[in-house]
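Student: Sequence:
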Amino acid sequence: MKNSSIQFNKDYSGKKIIVTCKFNVPLSIVWDAFTNPVTLAKWFAPKPFQAVTKTMDFKNGGRWLYYMLSPKGEKFWSTSEFKNIQINKSFEASDAFCDENGVINTDFPQGTWLYNFSEENGKTIVISTLIYASEEDMKKILEMGFEEGYRAGLTQLQELL
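Numbers 1233 to 1393, taken from the working numbering, label the letters of the sequence shown in order.
Mixed in with the good hints there might be a few duds.
[Said to hold, decoys possible] Capping the alpha-carbon separation at 27 Å, the derived lysine-lysine pairs in DSSO-like fashion look like this:
| # | residue 1 | residue 2 |
| --- | --- | --- |
| 1 | Lys1254 | Lys1279 |
| 2 | Lys1291 | Lys1254 |
| 3 | Lys1291 | Lys1304 |
| 4 | Lys1371 | Lys1291 |
| 5 | Lys1371 | Lys1242 |
| 6 | Lys1321 | Lys1304 |
| 7 | Lys1307 | Lys1274 |
If you're looking for bench data, these hints aren't it; they were derived computationally from the structure.
When you get a sec, could you build the whole thing from the sequences and use the hints?
Tutor: Put into structure tokens, the structure is as follows:
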């Protein structure tokens, strides 16, 4: 059963995926869940995978280097570079698959995440917009299971909070 508090909107012509998720906790708690590597490790990877941070420096120009660890011990590396951080409001992150040293793998699509946070009556809404260079890149990410994986992660976060 799909979680109705998580909405995916796919805009193929605009080359973007817009995900809206509601949380029944104050914004500061949700902000921490998206920006603190200890908290990210608890929800970001869809089970039975685990998210493991090698390094994270959440500041403008800072990076997050992490991998998804499969139950078989495989490591799928990714990196994000943070930009335009407005504490408890929004941030941007470029996202790419890479190796364990953060060298980007250009065989896979790269995207830009725009995260926007708002709070009303003690509840938080996060709008995650993922933008791609081409419709083909967006389709490839979706074919790789992005929607199912991110939906599972957000559901895990809701349960955690």
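Student: If a hint holds in the structure, say so; if it doesn't, say that too.
Tutor: Hints, verified against the model:
1. A hinted pair counts as satisfied when its Cα atoms are at most 27 Å apart, and Lys1254 with Lys1279 qualifies at roughly 21 Å.
2. Distance restraint check for Lys1291 and Lys1254: the Cα-Cα separation of roughly 25 Å lies within the 27 Å cut-off, and the hinted pair is therefore satisfied.
3. For the proposed pair Lys1291 and Lys1304, the alpha carbon gap of about 33 Å is over 27 Å, so the pair is violated.
4. The straight-line distance between the Cα atoms of Lys1371 and Lys1291 is roughly 30 Å, outside the 27 Å bound, and the hint therefore fails.
5. Distance hint between Lys1371 and Lys1242 is fulfilled; the C-alpha atoms sit about 10 Å from each other, no more than 27 Å.
6. With a C-alpha separation of about 38 Å, the suggested pairing of Lys1321 with Lys1304 is violated against the 27 Å cut-off.
7. Taking the CA atoms of Lys1307 and Lys1274, the gap is about 17 Å. The hint holds against a cut of 27 Å.
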